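Those protein sequences? They're chains A and B, same order as listed.
The first sequence begins at 1 in this note's numbering and counts up by one.
The second sequence begins at 515 in this note's numbering and counts up by one.
Misleading hints may appear alongside valid ones.
As the list claims (entries may be wrong) - If you only want the chain A side, here are some residues facing chain B, beta carbon under 10 Å, derived:
1) 63
2) 75
3) 308
To be verified - To spell it out: a stretch of chain A is covered by chain B in this simulated footprint if at least three of its residues, at any positions, have a beta carbon under 8 Å from a beta carbon of chain B; those stretches are:
4) 104 to 114
5) 128 to 137
Claimed, not checked - Computed far set for chain A versus chain B, every beta-carbon distance over 10 Å:
6) 21
7) 95
8) 320
9) 334
10) 353
11) 479
Hints were generated in silico from the structure; no laboratory data involved.
From a predicted model like this one, the values you see are computed outputs, not experimental measurements.
All C-beta atoms in this analysis are idealised placements derived from N, C-alpha and C, irrespective of residue type, glycine included.
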Amino acid sequence: MAPILQLVDIAKRYGGVRALEHAKLDVEPGRIHALLGENGAGKSTLIKVMTGIVQPDAGRILLGGTERRFAHPSEAVAAGIACIFQELSLMPSLSVADNICITDPPRRFGLVDRRAQRRIAEEALARVGAHDIHPLAPVDSLTLSRRQMVEIAKALARDPKVLILDEATSALTAADVQKVFALLKRLRAQGLAIVYISHRMAEITELADDCSVFRNGSHVATFAAGTRSDAQIVEMMIGRDIQHAYPPKPAPGPERAARRPALETRGLSWNGCLHDVDLAVRPGEIVGLGGLDGQGQRELFLALFGVLRGTRGEVLVDGAPVAVRSPKHAKDGRVGIALVPEDRKTDGLMLPMSVNDNLGFASLARVSRGGVVSRGRERRAIAEMVQRLRIKVSDVEVPVGTLSGGNQQKVVIGKWLLNAPRVLLLSDPTRGIDVGTKQEIHVLLRNLAHEGAAILLYSTDYAELIGCCDRVAVFLDGRIVRWLEGAALTEHALVASALALEGAAPPSPHAEAA
Amino acid sequence: MLSDRHYHLREHRATIGAAAMFFVVFALYIAKHPAGWTIPVITTAANKGVLLAIVAMAQTLVVLTGGIDLSVGMVFVLANCLASHLVVGSPLQAVGGMACVLVAGALCGLVNGVVIVRGRLQPIITTLATGIVFFGLSLGLRPVPGGDVQADVADALTGTVPGGVPAMLVVLLVVVAAIWVPFRRSVTGRAALAIGSSEAASYMSGVAIARTRIVTYMLSSLLAAIGGLMLTFVTYSGEASASIGGVYTLNSIAAVVIGGAVLSGGAGSAIGSIFGAFLLRTIGDLLFVFDLDPLWQPLFQGVILLAAVSLGGVRLLRMTDRLELYR
Chain A
1 MAPILQLVDI AKRYGGVRAL EHAKLDVEPG RIHALLGENG AGKSTLIKVM TGIVQPDAGR
61 ILLGGTERRF AHPSEAVAAG IACIFQELSL MPSLSVADNI CITDPPRRFG LVDRRAQRRI
121 AEEALARVGA HDIHPLAPVD SLTLSRRQMV EIAKALARDP KVLILDEATS ALTAADVQKV
181 FALLKRLRAQ GLAIVYISHR MAEITELADD CSVFRNGSHV ATFAAGTRSD AQIVEMMIGR
241 DIQHAYPPKP APGPERAARR PALETRGLSW NGCLHDVDLA VRPGEIVGLG GLDGQGQREL
301 FLALFGVLRG TRGEVLVDGA PVAVRSPKHA KDGRVGIALV PEDRKTDGLM LPMSVNDNLG
361 FASLARVSRG GVVSRGRERR AIAEMVQRLR IKVSDVEVPV GTLSGGNQQK VVIGKWLLNA
421 PRVLLLSDPT RGIDVGTKQE IHVLLRNLAH EGAAILLYST DYAELIGCCD RVAVFLDGRI
481 VRWLEGAALT EHALVASALA LEGAAPPSPH AEAA
Chain B
515 MLSDRHYHLR EHRATIGAAA MFFVVFALYI AKHPAGWTIP VITTAANKGV LLAIVAMAQT
575 LVVLTGGIDL SVGMVFVLAN CLASHLVVGS PLQAVGGMAC VLVAGALCGL VNGVVIVRGR
635 LQPIITTLAT GIVFFGLSLG LRPVPGGDVQ ADVADALTGT VPGGVPAMLV VLLVVVAAIW
695 VPFRRSVTGR AALAIGSSEA ASYMSGVAIA RTRIVTYMLS SLLAAIGGLM LTFVTYSGEA
755 SASIGGVYTL NSIAAVVIGG AVLSGGAGSA IGSIFGAFLL RTIGDLLFVF DLDPLWQPLF
815 QGVILLAAVS LGGVRLLRMT DRLELYR
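Construct the entire structure; sequences and hints are all you get.
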C-alpha cells in the first residue's frame with residue numbers, strides 16, 4: 001500500500017549539534033511502524049518534525065503524496081497527525097472532557113456546547129476502554145496511568161490519519177497496557193497508520209509490523225518485524241555488541257547474611273497504601289522491589305525518605321530505630337538515605353540550572369564551612385563525579401535540561417553519590433534510558449554495593465530486576481507477597497507472583513527442594 | 515463512579531465558600547447598622563461593592579491565564595478621567611461618550627496584550643509599566659479633580675430600579691451576562707484556563723495561545739474601564755488619583771484570591787471574585803458599625819484578609835504525602 005506519510009532526507013541541527021541528517025521514514029496505513037534507537041538517536045526530533053513542533057532545516061514531508069509544511073502543532077493536528085507524548089500534554093486543572101475537546105470544541109452559537117462535548121468525551125473514553133473515568137473529573141485528580149489513558153482518548157477524538165505514540169505505555173499499569181494494545185490492533189485493522197516508539201522490546205515484538213532503526217540522527221535500517229533477532233536490533237541501535245548485559249553478582253555467602261542490615265523496616269504501614277512491610281537490606285546487597293506498577297513501591301521509598309506523614313511501624317538504620325522526618329533529615333550523615341526519584345524531570349532536577357549546581361545541591365554541607373560554600377572543593381568533587389559516572393557534558397555550566405535523558409539520570413544519581421549515602425533507593429532509574437547508559441548504571445550499582453552501600457532498586461523492567469538484584473521482594477496491594485532469590489528469581493516467577501497467579505504462593509522450604 | 519453533581523460542586527466550591535462568607539459578614543453588618551435593611555444603606559453598599567467587583571472581574575480573567583494585571587486600577591482611573599470629559603451633554607451624546615471610554619479601555623488592554631505576547635515579557639512588569647503610562651495620561655486629562663457627568667444617566671445607574679433593587683447590581687448582572695458568561699463558555703475562555711493550567715500542554719494541543727492572551731487582556735481592561743465609568747457616575751467627577759488606582763489594583767488581587775482563583779492560573783471564577791470584592795468592602799464598613807477607631811481599620815482589614823486566604827490552605831493540613839505540597 002502507498003505510504004500515507006513520508007519523510008524524505010530530513011535534516012535538523014540545534015546550534016552546532018546534529019539531531020537529524022538524511023532521516024527518512026515511510027508510514028503506511030493499516031500498519032504499526034516501530035521507531036528504534038538509543039536516546040539521542042533522533043527519534044524525538046523526528047516526531048517533533050512530523051507534528052510541527054520544530055521546523056526541519058532540509059528535507060520534505062509528504063502527506064498522502066502532497067508536500068506539506070507544518071509551522072505550528074495545530075496545523076499538523078488539522079492535517080490528521082495526532083501524537084501521544086511521553087510528557088503528558090494535558091491541562092491538569094481542566095476536566096477530562098475539557099481536555100479531550102481542547103483543540104476543537106463542539107460549538108453552538110459560538111459557545112462551547114458542553115453536552116455535545118461530554119458525549120464526545122464519553123465516546124472517546126469508551127473507545128480506549130476507560131469507562132471508569134468520569135468526563136467531569138479534573139485531570140489532576142487522576143493517577144498517572146489514568147491520565148495517560150485520557151491522553152490517548154484525546155488523540156483519538158481528533159480522528160487522526162496518523163497516530164504517533166512516544167513511550168506512551170511507560171506510565172501505564174499492566175492492565176491498561178493490555179487495553180491499549182488491543183485498541184492499537186483494532187485501529188490498525190481499521191486502517192490507521194501508527195508510529196510506535198518504546199524502549200521495551202517485548203512491546204515492539206508484540207505490536208510492530210515494520211521497524212526502523214535510527215542511530216546518531218540517521219536512518220540505519222528498515223525491516224519487517226520478526227526478521228531480525230533482538231541481539232541484531234540492539235547491535236544496530238548502539239553499533240556495538242552487548243553480550244554481558246549485567247555485571248556478575250557475587251555469590252551469597254553466610255558472611256553477607258551475618259552483616260547487620262543497613263536498613264530494616266518492621267511492620268511499616270501508611271494510609272492504606274503500605275501494609276506491614278518487613279524488609280532488610282545489608283551492606284553490599286542490591287534488593288529489588290518487583291510487582292506491577294503502583295503497588296506501594298513508590299510509597300515505600302517516600303516513607304523511608306521522610307516524605308510521608310503518619311507512617312506506622314519501625315525503620316532501623318544500622319540497627320538503631322529512626323523516625324525520618326524529612327528528606328533533609330534522611331540525607332543527614334547519621335541517617336544517610338538517598339532517593340533517586342521516579343520522575344527525574346520534576347522531582348530529581350532543577351532543569352534550567354546548571355549541571356554543576358544540580359550535582360552540588362544535596363552535598364553542599366560537605367563542601368562548605370560556616371554556611372559558605374568552598375567553590376574549589378565543590379568543583380573538584382563535581383569534576384570527579386562527572387568523570388566517574390562518565391556524564392557526557394562539554395561544560396558543567398550548561399543547563400541540565402539540555403542533556404539527554406540518560407545523562408540527566410546520571411546527574412541525579414551523582415548528586416546523591418556526592419553525599420556518600422549508606423542506603424541508596426532508586427525508583428525505576430533506567431526508565432526511558434538508552435541501552436548503553438542503562439548498562440553503565442547497572443555496573444555502577446554493582447560497584448557501589450561492592451563498596452558497601454545497601455541498595456533498594458525498584459524497576460518496572462523484570463529483566464533488570466533479575467539481572468541486577470540479589471533478592472527481589474514482590475509487591476501487591478502494598479504488601480510484600482513473595483521473596484525471590486537465586487535460581488528462583490525468574491521472569492516467570494516475577495510475573496506470576498506480581499499477578500498473584502496459581503503456584504505463586506510463598507513456597508515452603510520443602511516445595512523449594514522439590 | 516462519582517455523580518455529576520459531585521464534580522459540579524467541586525468546581526464551584528470556592529465560589530460557594532466566598533459567597534457564604536460574604537452573606538455571613540453582610541448579615542452581621544446589617545444587623546449592627548443603626549438604619550438596618552433600608553434602601554439607602556443597601557444602595558450605598560451596592561455602589562461601593564460593585565465598583566470593586568467589576569475591577570476584580572477584570573483581574574480574574576488575566577489571573578486565569580496565569581498572568582496578573584497591575585494596570586487595572588490605572589485603567590479604572592483613566593476611564594474615570596476620560597468619562598468626566600466625554601460623558602456629558604445630551605443623553606445621546608453621553609452614550610456616545612460612554613462608547614468612547616469603553617473603546618479606550620479595550621485599547622489599553624490591547625497594548626498590554628500585544629506587549630506581553632509579542633515582546634515575550636512578564637505580565638507583572640509589563641502592566642506595572644503600562645499602568646504608570648495610563649496614570650500619566652489620566653493626569654494629562656485631569657491635572658486637578660473636577661469635570662462633570664451627564665446627571666440623568668448617572669442618577670439612573672446609581673439609584674434604584676423599581677422594587678428597591680440598586681441599579682448598580684443590575685449593571686453588574688448585565689456585565690456578568692454580557693462578558694463573563696460568554697467568556698467562560700467560549701473557546702477563548704476555555705483556552706485561557708488551559709494556558710493557566712499548563713502552557714506547554716496547551717501549545718502541544720494546538721491552542722491559539724497568542725490570540726487568547728491578547729483577547730483576555732483586552733477584556734480585562736474593558737472591564738476595568740466599565741468600572742471607571744461607573745465610578746464617574748457615583749462621584750459626578752473625574753480625578754487622576756494614584757492612590758485610588760493602587761488601592762483598586764491591590765484589592766482586586768485580594769478579591770480574586772478570596773474568590774478562590776488560583777494565582778498560578780487554570781482555576782477560578784469571576785463570580786467568586788465578585789463575592790470576594792463584596793466581602794472586602796463589607797469588612798471595611800464593619801468597623802464603622804462596631805464604632806471602632808478608624809485608625810485600626812487597615813490592621814483589622816489585613817488580619818481578616820489573612821484569615822480568609824488561610825481558609826484555602828486548610829486542605830494542606832490533611833495531606834499525608836508531603837510531596838503533594840509542592841505540586
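Against the structure, the hints:
For the restraint placing residue 63(A) at the interface with chain B, the shortest Cβ-Cβ distance is roughly 16 Å, beyond the 10 Å limit, so the hint is violated. Taken as an interface hint, residue 75(A) checks out: its beta carbon lies about 8 Å from the nearest beta carbon of chain B, inside 10 Å. For residue 308(A), the shortest C-beta to C-beta distance to chain B is roughly 6 Å, which falls under 10 Å, so the interface hint holds. Interface restraint, the segment 104 to 114 of chain A with chain B: holds (6 residues with C-beta to C-beta distance below 8 Å; minimum three).
Under a criterion of three residues with beta carbons nearer than 8 Å to beta carbons of chain B, the stated coverage of the segment 128 to 137 of chain A is upheld, 4 such residues being counted. Residue-level check passed: residue 21(A) sits 26 Å from the nearest beta carbon of chain B, beyond 10 Å. At roughly 7 Å from the closest C-beta of chain B, the C-beta of residue 95(A) falls inside 10 Å, breaking its exclusion from the interface. With 10 Å as the threshold on Cβ separation, the claim that residue 320(A) sits away from chain B holds: the shortest Cβ distance comes to roughly 24 Å.
Every Cβ of chain B is farther than 10 Å from the Cβ of residue 334(A); the closest lies at roughly 21 Å, confirming the non-interface assignment. For residue 353(A), the requirement that its beta carbon stay farther than 10 Å from each beta carbon of chain B is met, with the minimum near 16 Å. Distance check for residue 479(A) against chain B: the nearest CB is about 19 Å away, which clears 10 Å, and the non-interface claim stands.
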